[in-house]
Every structure is written in structure tokens, then in C-alpha cells.
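Undergrad: For reference, the chains in residue letters:
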Amino acid sequence: GAGVSQSPSNKVTEKGKDVELRCDPISGHTALYWYRQRLGQGLEFLIYFQGNSAPDKSGLPSDRFSAERTGESVSTLTIQRTQQEDSAVYLCASSYGLAGVTYEQYFGPGTRLTVT
Amino acid sequence: AQSVAQPEDQVNVAEGNPLTVKCTYSVSGNPYLFWYVQYPNRGLQFLLKYITGDNLVKGSYGFEAEFNKSQTSFHLKKPSALVSDSALYFCAVRAPGYSSASKIIFGSGTRLSIRP
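Residue numbers (the numbering used here), protein chains in the order written: chain A, 14 to 129; chain B, 4 to 119.
Keep in mind that the hints were calculated from the coordinates and are not lab data.
Owing to the predicted nature of the structure, the values given are computational and were not obtained by experimental measurement.
Every residue, glycine too, gets a C-beta built ideally from N, C-alpha and C.
One or more of the hints may lead you astray.
Listed below are several chain B residues computed to face chain A (Cβ distance under 7 Å; list not exhaustive) [as the list claims (entries may be wrong)]:
no.	residue
1	42
2	46
3	47
4	49
5	52
6	106
7	111
8	112
9	117
Turn these sequences into a full structure, and let the hints guide you.
TA: Right under this line is the structure:
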């Protein structure tokens, strides 16, 4: 079946503009994560959605960052007033999240954001 | 709060020799532990996970990992390294439970380089 998809694959934007990144998780996956990976660096947790629970937003670096998810489908990550330090690859992952069971994550190919 | 550490930025091993990539964690309760690999210009791929049971977990591509509760470690191992194993490896941990607080977080990554 189809994997996790993200769009756009690449985004170049000017400093100060807003950008919206999209993630389509695998159908049936209740858990969805956003991570940020700067060049040559590790994965920085941003936000986690699990079913109908309130999302864990503890990783969002500033109030310029926000994310939404409708039900168990598409998620969008919005960055307002982009800064050069926002340049990174933004990764989305989804997994099953049944109570008492932990499944591995499936990652999308990422969106490479470049802020000029 | 949960955390995971990969103390080595880079590990260099000769082809055919055994390899170890280290990971330690901190979490309340029994952890769920994962290893992922990121090949150049490719997305993150799941290697293996520990949820419960046998402390030695076997995964993809001949890799295995040993869960050591007393040392809070989950080191990745392979008996005989291949040049094709050269990649960036990430350890990840999740606290038990079924809520938005039980997010998966990643270590900073270890770059594994296998020389012919």
C-alpha cells in the first residue's frame, strides 16, 4: 500500500513569508509525528498527534510554528514569518497506536525547506 | 521526562569486523526502544524494536540490539560489518502508555562508516 507522503518535496521561501507543509499518513494510522532535521543533525521532535487526544506540542520551537490534524487523516505544519534558522528537512511519520501496543513509525520522504 | 543519548557522533569499523553503536535512555517505567537507519538521500527506515520479552532483539539486515535494564542501554550490534552498512543510525525511546504524552523521541544520531 501507499506509504507516508509529504508535500511539497522542496520549498524555497523568502524570510518573513508563511509556509504550509502537508503530510498524508498511512491509512488507519492513529499516531502522527512531525520532526525537524537540520543538515547533518538528529531528529528534533516537534509535535505528536494520537487519535482524539490533545496533541503534544512540547517540541514546537516558537509560537510561529503550529500544526493541525483533522481526525486521523492529513496534517499540516504551518510556519509563520519564516526565519533562516527554520531551514531544515521537516519529516512526518505515522504509526498504529493501539492501547497497550507500540508499533514502529513509517516516515515520509520529508520536505526540504530553504529560507532565503 | 524521557531522553535518549547516543554518545558517539561517529563510529569507524573495518569491513568484516563486529560493530557496536551505543544508546542509553532515561524514561519512567518500562521503555519501548527502537533503532532506525537513514541511508544517504533516503528516508528513515525501521531496523528493530524492543517492547518486552527477550533482551536480545534481532532486526533487519543482520542487526541486533541488546536491552540492558540495569545499565539503561540498548546498543546496536552486528557480528560482521559490510560497507553497505555505512549510514546514519538513530536510537529512539517511547514511554509506556497510550496518550499524547507517550511520544517517541530520537537520539542525535551516530554516523557509521565501514571501510573496505
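Undergrad: None of the hints should be skipped; say for each whether it holds.
TA: Going down the list of hints, with the structure as the test:
no.	hint	in the structure
1	42	12 Å, violated
2	46	5 Å, holds
3	47	4 Å, holds
4	49	4 Å, holds
5	52	6 Å, holds
6	106	4 Å, holds
7	111	4 Å, holds
8	112	4 Å, holds
9	117	19 Å, violated
When held up to the earlier numbered hints, the structure conflicts with 1, 9 and fits the remainder.
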